[in-house]
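Protein chains: 2
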Amino acid sequence: MNVSIIAGGAGFVGCNLLPSLAAEDRHLVILDNLCRGREEYLYPVRKVAGDRVHFRNVDLSGPAGTLQAFEFAQRVGAVDEVWHLAANSDIPAGVLDASVDMRDTFMTTFSLLEAMKALKVGTLHFASSSAIYGDLDGVLLYESIGPLLPISNYGAMKLASEALISAATESYLEHANLFRFPNVVGAPATHGVILDFINKLKRDSSRLDVLGDGTQQKAYLHVSDLVAAMMHIRNSRDLPKVFPINIGPVDEGVTVRSIAESVTQRVSPAAKIRYGTGNKGWVGDVPKFRYSVDRLRQIGWSPSRNSADAVRHAVDQIATQEGFGAAEATNG
Amino acid sequence: MNVSIIAGGAGFVGCNLLPSLAAEDRHLVILDNLCRGREEYLYPVRKVAGDRVHFRNVDLSGPAGTLQAFEFAQRVGAVDEVWHLAANSDIPAGVLDASVDMRDTFMTTFSLLEAMKALKVGTLHFASSSAIYGDLDGVLLYESIGPLLPISNYGAMKLASEALISAATESYLEHANLFRFPNVVGAPATHGVILDFINKLKRDSSRLDVLGDGTQQKAYLHVSDLVAAMMHIRNSRDLPKVFPINIGPVDEGVTVRSIAESVTQRVSPAAKIRYGTGNKGWVGDVPKFRYSVDRLRQIGWSPSRNSADAVRHAVDQIATQEGFGAAEATNG
Numbered sequence: 001m002n003v004s005i006i007a008g009g010a011g012f013v014g015c016n017l018l019p020s021l022a023a024e025d026r027h028l029v030i031l032d033n034l035c036r037g038r039e040e041y042l043y044p045v046r047k048v049a050g051d052r053v054h055f056r057n058v059d060l061s062g063p064a065g066t067l068q069a070f071e072f073a074q075r076v077g078a079v080d081e082v083w084h085l086a087a088n089s090d091i092p093a094g095v096l097d098a099s100v101d102m103r104d105t106f107m108t109t110f111s112l113l114e115a116m117k118a119l120k121v122g123t124l125h126f127a128s129s130s131a132i133y134g135d136l137d138g139v140l141l142y143e144s145i146g147p148l149l150p151i152s153n154y155g156a157m158k159l160a161s162e163a164l165i166s167a168a169t170e171s172y173l174e175h176a177n178l179f180r181f182p183n184v185v186g187a188p189a190t191h192g193v194i195l196d197f198i199n200k201l202k203r204d205s206s207r208l209d210v211l212g213d214g215t216q217q218k219a220y221l222h223v224s225d226l227v228a229a230m231m232h233i234r235n236s237r238d239l240p241k242v243f244p245i246n247i248g249p250v251d252e253g254v255t256v257r258s259i260a261e262s263v264t265q266r267v268s269p270a271a272k273i274r275y276g277t278g279n280k281g282w283v284g285d286v287p288k289f290r291y292s293v294d295r296l297r298q299i300g301w302s303p304s305r306n307s308a309d310a311v312r313h314a315v316d317q318i319a320t321q322e323g324f325g326a327a328e329a330t331n332g
Numbered sequence: 001m002n003v004s005i006i007a008g009g010a011g012f013v014g015c016n017l018l019p020s021l022a023a024e025d026r027h028l029v030i031l032d033n034l035c036r037g038r039e040e041y042l043y044p045v046r047k048v049a050g051d052r053v054h055f056r057n058v059d060l061s062g063p064a065g066t067l068q069a070f071e072f073a074q075r076v077g078a079v080d081e082v083w084h085l086a087a088n089s090d091i092p093a094g095v096l097d098a099s100v101d102m103r104d105t106f107m108t109t110f111s112l113l114e115a116m117k118a119l120k121v122g123t124l125h126f127a128s129s130s131a132i133y134g135d136l137d138g139v140l141l142y143e144s145i146g147p148l149l150p151i152s153n154y155g156a157m158k159l160a161s162e163a164l165i166s167a168a169t170e171s172y173l174e175h176a177n178l179f180r181f182p183n184v185v186g187a188p189a190t191h192g193v194i195l196d197f198i199n200k201l202k203r204d205s206s207r208l209d210v211l212g213d214g215t216q217q218k219a220y221l222h223v224s225d226l227v228a229a230m231m232h233i234r235n236s237r238d239l240p241k242v243f244p245i246n247i248g249p250v251d252e253g254v255t256v257r258s259i260a261e262s263v264t265q266r267v268s269p270a271a272k273i274r275y276g277t278g279n280k281g282w283v284g285d286v287p288k289f290r291y292s293v294d295r296l297r298q299i300g301w302s303p304s305r306n307s308a309d310a311v312r313h314a315v316d317q318i319a320t321q322e323g324f325g326a327a328e329a330t331n332g
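Residue numbers (the numbering used here), protein chains in the order written: chain A, 1 to 332; chain B, 1 to 332.
Just chain A, same shape as in the assembly (with noise of 0.2 Å):
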């Protein structure tokens, strides 16, 4: 039976992702070091495929531990794709320190390449980031748009992930779709902004403090459209070897303030939503952008909600969650 691994498949995109691989027949082992993802994200996929539910601690920054890992799926059975969704998400934590998102968005990338040159595995998706595009200032983000200068280390550390992987299959990599996400909300969030704000409302149910002036306008995909958009490009034929996609609703996104108002008139909605100054909410945030999703449009796909939509499930879900628990995530 085919294998596929999935490096950081027990965190918010992965654990979404895990249903649709498990419909075929399949296994699946999932490769996380648990820094954000979380075995107990695994239950439902466990539920319906569970001896089928391959489970690994591992870090992937390392080489070593990551061939361990993928000699392991071998003995499951043939490795056939593997799927890179292993990263550093706190965007001003890696501006701080860059080596953050060398070791957990780079080295893994560098790693996992290893792996599969030395084992012969040639397919991979890689979630990637509409952060490799800098702020190119409001213009419209197709995919083949330069100059790329990104403005985060994580951004930065995507666009170098992506760089090496287009670089391997000139070589010994058979294909690679390089998924460029937007900022994705859902369920069981891990970070990102509704679960910022939600937390915020936790500790002092009257008032939410937004960083900048609440203007930053975003495209938002729900993680059940990103699946979805993800299964189908994998699942289409004849694409060029190395396949750069961005993924994203076909709005132009809402704004921060909204995400605010959303937020606290589902949470607390006394709450007095307190903005600050400037376009950006911190150092590496792309105050506004547009993203063209021609070419997932032309291979055939369209998301079945736009970003508003999307957040308004996304705070909905954390609203009927006990506590307003994990709930939301961003990527990008």
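I should point out that these hints are in silico values taken from the structure, not numbers from a laboratory.
All residues carry an ideal CB built from backbone N, CA and C; glycine is no exception.
A portion of the hints provided could be inaccurate.
[Unchecked claim] Chain B residues, not near chain A, derived (Cβ > 10 Å throughout):
hint	residue
1	Leu34
2	Gln74
3	Phe106
4	Lys117
5	Ser144
6	Asn153
7	Ser302
[Said to hold, decoys possible] Reference listing, derived: stretches of chain B covered by chain A, where coverage requires no fewer than 3 residues with Cβ under 8 Å from a Cβ of chain A:
hint	stretch
8	5-14
9	95-102
Since the structure of chain A is provided, determine the placement of chain B on it from the hints.
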């Protein structure tokens, strides 16, 4: 007195740059692991600026050693700029073993940036490469073209370095020039096609085996022009904070065939040239490219030699050197 740190300063490009920097009233701190560079390459600059030339044999892929070297430089004087010319320059070696470019090209960038952050040095001049563009199939390469999908680990790690530098300009770095080198020829060579051909003719003066069919066409710049261009950009005012710029001749380059003929004619006229097949010399080789240097002309600089002149001059430099010694290098 101000201090320039030149990382990789004992290499081919570095030792050609040093006299121009030494012409200013400043100290030069040269950091090099002498992997490809040589201390004897520093003799000319030592002759004219002896007590202002400081050399440290240091491996810049490690942050600790790099920081120590910077602390030494700060004891010499006020460090106001860093030139980052340290890199692996053997592209095929880096394709076979990804750790070579990772260590020598990318980790050096990481370490230098960490040291600049710690010691508050604001200006970086980085030797990037046309290799970041990958193989865009003969399309005119201007600085904002995309997608950037390098086909060698060398190109990938140059792009990764650009990305990390770009992110740094968003927080602690004041200004960074990203010089995108074409192939560069001149003396003293440490690697490259002319040196390769000469070494082959040294081993067997009766024939020259060329990888590929000889139709690969590239732009070549003489190292003297490269240095003049870099100094011109470095001394230009009011450039963007992070400034990617192609450096190259204005022509469309020369073919490998014409280089082979030029070398043979000069060094061993009776030798028979034998070509391989295909228009790629090796994995990671970009068969043909056209390089836009409009941006360079816009800021007021043009080269003194075209590609053909540059190659001819480099071959001349070789021919007059005893036993046709060190004489040429490529970058890209």
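**Report entry** Non-interface claim for glutamine 74 of chain B versus chain A (Cβ beyond 10 Å)
**Finding:** holds (21 Å)
**Report entry** Assertion that serine 302 of chain B lies outside the chain A interface [Cβ separation over 10 Å]
**Finding:** holds (23 Å)
Requested in this report: Test the statement that asparagine 153 of chain B is away from the interface with chain A: the closest C-beta pair must be farther apart than 10 Å.
Outcome: violated (5 Å)
Query raised in the report: lysine 117 of chain B clear of chain A by more than 10 Å, beta carbon to beta carbon?
Result: violated (8 Å)
Report task. Beyond 10 Å from every chain A Cβ: check whether that's true for serine 144 of chain B. Result -> Its Cβ does come within 10 Å of chain A, the nearest being 4 Å, so this is violated.
Query - Non-interface label on phenylalanine 106 of chain B, tested against every C-beta of chain A at 10 Å - result: Check fails; 7 Å does not lie beyond 10 Å.
**Report entry** chain A covers the stretch 5-14 of chain B, three or more CB atoms within 8 Å, holds or violated
**Finding:** Result for this restraint: violated, n = 0.
Query raised in the report: For the stretch 95-102 of chain B, do at least 3 residues have a Cβ located nearer than 8 Å to some Cβ of chain A?
Result: holds (count 3)
Query - Given as non-interface: leucine 34 of chain B, partner chain A, CB spacing beyond 10 Å - result: holds (26 Å)
Against the hints set out earlier in the document, violations occur for numbers 3, 4, 5, 6 and 8.
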